[in-house]
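Position 225 (the sequence shown) corresponds to 225 in full-length UniProt numbering; numbering is contiguous.
Please keep in mind that the hints were generated in silico from the structure rather than gathered at the bench. Watch out, some of these pointers could steer you wrong.
[Stated by the list, open to error] Have a look at the derived ranges for each label pair, beta carbon to beta carbon:
#, residue 1, residue 2, range
1, Ala44, Pro119, 24 to 34 Å
2, Ser73, Thr194, 41 to 51 Å
3, Gly247, Gln137, 17 to 27 Å
4, Thr101, Gly247, 23 to 33 Å
5, Thr174, Gly230, 15 to 25 Å
6, Ala44, Ala161, 39 to 49 Å
Backbone N, C-alpha and C define an ideal beta-carbon position, used for all residues, glycine too.
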Amino acid sequence: MAAFGFALDLTRRHGAAPARPPLDRFAGQLFAAFGLTRLLTGHAGPGVRVRRSSDGAELDIGFTGAGALDTASLFAFAGAGSAYAVSWYDQSGQGRHALQTIAAAQPRLVSAGVLDSGPNGRPVLVFDGANDCLRIQDAAGFSQEVNQTTVAVVVNATNAALAPWPFCDVFSGTSVRSGISLVSGSARVSGRRTGVSALTHIGGAWTEGWRALTGRIDYLAATADITVDGVTTAAEFLPPGGPSYSGASVDPPTIGAANVIGFMAGQMSAVAMARDALDATALDAALNEVRP
Numbered sequence: 001m002a003a004f005g006f007a008l009d010l011t012r013r014h015g016a017a018p019a020r021p022p023l024d025r026f027a028g029q030l031f032a033a034f035g036l037t038r039l040l041t042g043h044a045g046p047g048v049r050v051r052r053s054s055d056g057a058e059l060d061i062g063f064t065g066a067g068a069l070d071t072a073s074l075f076a077f078a079g080a081g082s083a084y085a086v087s088w089y090d091q092s093g094q095g096r097h098a099l100q101t102i103a104a105a106q107p108r109l110v111s112a113g114v115l116d117s118g119p120n121g122r123p124v125l126v127f128d129g130a131n132d133c134l135r136i137q138d139a140a141g142f143s144q145e146v147n148q149t150t151v152a153v154v155v156n157a158t159n160a161a162l163a164p165w166p167f168c169d170v171f172s173g174t175s176v177r178s179g180i181s182l183v184s185g186s187a188r189v190s191g192r193r194t195g196v197s198a199l200t201h202i203g204g205a206w207t208e209g210w211r212a213l214t215g216r217i218d219y220l221a222a223t224a225d226i227t228v229d230g231v232t233t234a235a236e237f238l239p240p241g242g243p244s245y246s247g248a249s250v251d252p253p254t255i256g257a258a259n260v261i262g263f264m265a266g267q268m269s270a271v272a273m274a275r276d277a278l279d280a281t282a283l284d285a286a287l288n289e290v291r292p
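With the sequences and hints as input, model every part of the structure.
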């Protein structure tokens, strides 16, 4: 009985999951999906693989029956130490997991025995703004030779003055293909037509704090929009219309940076990607269900 009461207390202190996985309506459209709650009913695997600071051991952390991250297992494993994300598992069923093998560049989930969490008590990943990031496997060319893309993140970035990238797809090195970037006062959907053409941004009003950001590019229609907490800003983008550039990418998309630059400082709890124009209003509502 005591154990049951402890489990209930963990749920109260660390945030309950939504009654129904919030991205179910987009199942089949998603290129990849990452979250610290269960995002899709069809995902039966773990949410994140963590490394503990005390001895470098690793463990997969799954979800409770209600869909919340299994923080009881996480605390039992981390003890009084810290825990860092080695793998953030793709819940779309595509197997495009986000990895970081360099210990010093792994986002943090537990700090000295205390869960990193948002104002609603749900767990978050903490990025240090120096080199923390996760690289999405089997995803090179996410925005290659495609008609439309959608990327959404739930994020609290704290270094907008340094122009960080919560998400970025690159050709290679620092040559940005598409992504979501931030500057003081503005969240931007960003992209370029080829590896050598000018980088273009469409920005919407943004202030620091937890925000749901959705960036969509319609290459065929030569338009793009950025939605910040339900408010959408749209504009002409990369004319003339036509599929995105077919040149291959060398490096994978990155969560928390533009590959090797633009590292984000702050926290993140979810990322969703599609090679399609998802309904921005519905996606924003879904992301708000897992706002930490």
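*Go through the numbered hints given earlier and state which of them the structure violates, listing their numbers in rising order.*
Checked against the structure, the only hint that fails is number 5, while the rest are satisfied.
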